[in-house]
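There are 2 protein chains.
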Amino acid sequence: MSDHSKRKITVDIYGQQYTIVGAESSSHIRIVASMVDDMMRDINSKNPRLDVSKVAVLTAVNVMHDYLKVKDELEQLKMLIRSEKD
Amino acid sequence: MSDHSKRKITVDIYGQQYTIVGAESSSHIRIVASMVDDMMRDINSKNPRLDVSKVAVLTAVNVMHDYLKVKDELEQLKMLIRSEKD
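As they're listed, the protein sequences go chains A and B. Quick note, the numbering used here runs 402 ahead of the 1-based positions in the first sequence. Quick note, the numbering used here runs 402 ahead of the 1-based positions in the second sequence.
Hints were generated in silico from the structure; no laboratory data involved.
No copy is singled out in the list; a pair is fine if it fits within one copy or between any two copies.
Cross-link-like lysine to aspartate or glutamate pairs, in silico, DMTMM-like; alpha carbons within 20 angstroms at most: (1) K410 x D439; (2) K456 x D444; (3) K408 x D468; (4) K408 x E426; (5) K473 x D440; (6) K410 x E426; (7) K471 x E426; (8) K456 x D439; (9) K448 x D468; (10) K456 x D440; (11) K480 x D468; (12) K456 x D414; (13) K410 x D468.
Let the hints inform the model, and build the full structure from the sequences given.
And the structure:
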């Protein structure tokens with residue numbers, strides 16, 4: 403992908419500004435940032451003593467868990483489709 | 403889910419210890435932690451000036467982006483299957 407097609411968007415997550423560079427639309431980047439912000443605030447409300455970096459790491463752990471679950475479901479579905487075609 | 407079925411695992415992510423509570427197997431939790439650790443180290447190697455919390459937030463943003471992409475692919479595949487059945 404050329405740099406020409408990359409966008410630079412500034413978003414606010416948990417009170418800090420981040421510049422995100424990517425080929426995705428601004429609205430997609432804003433949705434991603436807002437979902438991370440929501441999850442961080444949710445984790446913080448359940449564990450108010452955690453500092454920002456721990457809240458962020460636990461957010462990444464939660465999202466990674468969800469990612470692996472959905473990825474697994476997708477792979478199983480693809481395998482099922484392939485086996486039905488045989 | 404009852405508390406009885408929950409596991410408590412201590413993992414090391416980016417030099418910090420975290421206690422993760424969940425119904426998943428220890429090996430699954432360790433894989434998730436190790437993937438987050440890898441991604442944090444990768445982001446840090448590309449942006450060595452970022453502090454831990456920013457590295458962790460950007461990791462969460464990256465994983466959330468991957469999660470939404472896979473979730474979208476899964477939903478499209480499910481829609482395709484439903485439309486083929488009609």
